[in-house]
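The whole structure should be built from the sequences, with the hints applied where relevant.
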Amino acid sequence: MEKMYHIDFDDSHGASYAILPGDPGRVEKIASYLENPRFFHQNREYTTWLGELASAKNNVKKTVMVMSTGMGGPSTAIAVEELYRTGVTNFIRVGTCGGMALPVIGGDLVIATAAIRMEGTTREYVPIEFPAAANLDITNALVEAAKKLSAKWHAGIVQCKDSFYGQHSPERMPAGNELMEKWNAWIKAGCLASEMESAALYIVSQILGARAGCVLNVIWNQERQRNGLDNPHSHDTSLAIETAVEAVRILIEREA
0 MEKMYHIDFD
10 DSHGASYAIL
20 PGDPGRVEKI
30 ASYLENPRFF
40 HQNREYTTWL
50 GELASAKNNV
60 KKTVMVMSTG
70 MGGPSTAIAV
80 EELYRTGVTN
90 FIRVGTCGGM
100 ALPVIGGDLV
110 IATAAIRMEG
120 TTREYVPIEF
130 PAAANLDITN
140 ALVEAAKKLS
150 AKWHAGIVQC
160 KDSFYGQHSP
170 ERMPAGNELM
180 EKWNAWIKAG
190 CLASEMESAA
200 LYIVSQILGA
210 RAGCVLNVIW
220 NQERQRNGLD
230 NPHSHDTSLA
240 IETAVEAVRI
250 LIEREA
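Residue numbers (numbering that gives the first Met the number 0): 0 to 255.
I should point out that these hints are in silico values taken from the structure, not numbers from a laboratory. The beta-carbon is built from N, C-alpha and C at its ideal position, and this holds for glycine as well. There could be a bad hint or two in this list.
Claimed, not checked - Each pair of labels, with its calculated beta carbon distance range:
1. His167 with Ser11: 37 to 47 Å
2. Gly208 with Gly175: 35 to 45 Å
3. Pro173 with Thr62: 43 to 53 Å
4. Glu177 with Arg37: 45 to 55 Å
5. Asp136 with Gly13: 32 to 42 Å
6. Lys2 with Glu128: 18 to 28 Å
7. Asn176 with Gly227: 17 to 27 Å
8. Lys147 with Gln221: 26 to 36 Å
9. Thr62 with Ala174: 43 to 53 Å
10. Ser149 with Asn176: 37 to 47 Å
11. Arg84 with Asp136: 18 to 28 Å
12. Pro73 with Ser149: 30 to 40 Å
13. Glu51 with Pro126: 37 to 47 Å
Set out below in structure tokens:
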């Protein structure tokens with residue numbers, strides 16, 4: 000097949016599983032958790048490494064890809080579209096988020112079962128009434144992996160947005176009143192955290208017939224700070240990465 004226009008490679012990689020960080024700088028670190036990690040390709044925001052994972056059950060090995068998607072929905076949607084055409088059918092986003100629900104603390108994991116579509120990319124795929132939901136098999140594998148690693152985890156709905164500064168400085172935006180009203184509504188409804196890629200990942204995967212899930216490291220929680228509560232910061236994504244890798248291993252074992 001011809002190379003895909005944006006990711007700039009074809010189906011020769013042989014991977015059906017992909018772990019997707021946003022940051023190109025995290026790709027090599029994630030790949031180091033795989034067997035035989037090796038650089039594969041780089042174009043635009045898409046840095047790609049390959050490795051293998053083996054099923055503990057019968058030692059069947061599968062090629063696993065790690066590829067960055069960049070920030071936000073448009074580049075994530077392009078990544079999923081083009082990876083799917085090259086044979087990838089299982090996607091796990093591993094990234095970071097800011098907590099919203101008060102029990103969600105820096106250093107915890109959030110496993111996103113669904114995403115609030117407060118972004119623009121998915122509106123060009125399907126009307127807003129259609130939910131952005133994770134695949135159950137991948138979500139269950141992420142929960143099982145988090146338990147196995149003795150992580151503190153939360154599973155539930157996240158807010159997916161387009162504007163980082165619209166969240167953190169809504170008062171200076173002309174649309175600030177609307178932003179703050181919706182933010183408070185999401186909190187009252189039990190939204191766990193805020194991030195920028197899950198809705199596009201879920202909607203595009205759903206439409207293509209692929210499976211997708213998402214595990215996030217909580218950096219901090221601005222609502223805990225606003226309420227005068229202890230608010231530790233954690234930029235270490237190692238536990239989220241280990242959870243994603245273990246979830247892929249679990250899925251490979253169930254497939255074997």
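> Is it true that the C-beta distance of Gly208 to Gly175 lies inside 35 to 45 Å, as the hint says?
Replying inline: Holds - the Cβ-Cβ distance for Gly208 and Gly175, about 39 Å, lies within 35 to 45 Å.
> Between Arg84 and Asp136, does the C-beta distance stay in 18 to 28 Å?
Replying inline: 22 Å, holds
> At the C-beta level, are Pro173 and Thr62 separated by a distance inside 43 to 53 Å?
Replying inline: Holds, since Pro173 and Thr62 (Cβ atoms, about 48 Å apart) stay within the stated range.
> Does the Cβ pair Lys2, Glu128 satisfy 18 to 28 Å?
Replying inline: Given a distance of about 36 Å, which is not inside 18 to 28 Å, the answer is violated.
> Is the distance from the Cβ of Glu51 to the Cβ of Pro126 consistent with 37 to 47 Å?
Replying inline: Since the Cβ atoms of Glu51 and Pro126 sit about 40 Å apart, the hinted range of 37 to 47 Å holds.
> Between Asp136 and Gly13, is the Cβ distance one that fits in 32 to 42 Å?
Replying inline: Violated, at about 21 Å.
>> Against the range 26 to 36 Å, how does the distance between the Cβ atoms of Lys147 and Gln221 compare: consistent or not?
In response: 30 Å, holds
>> Quick check on a hinted range of 43 to 53 Å for Thr62 and Ala174, using CB atoms only.
In response: 45 Å, holds
>> Please check whether Pro73 and Ser149 have a Cβ separation lying inside 30 to 40 Å.
In response: Holds, since Pro73 and Ser149 (Cβ atoms, about 37 Å apart) stay within the stated range.
> For the pair His167 and Ser11, does the Cβ-Cβ distance stay inside 37 to 47 Å?
Replying inline: Since His167 and Ser11 have Cβ atoms about 42 Å apart, the given range 37 to 47 Å holds.
> Per the hint of 17 to 27 Å, is the separation of the Cβ atoms of Asn176 and Gly227 within bounds?
Replying inline: 25 Å, holds
> Are Glu177 and Arg37 spaced within 45 to 55 Å by their CB atoms?
Replying inline: Since Glu177 and Arg37 have Cβ atoms about 47 Å apart, the given range 45 to 55 Å holds.
When held up to the earlier numbered hints, the structure conflicts with 5, 6 and fits the remainder.
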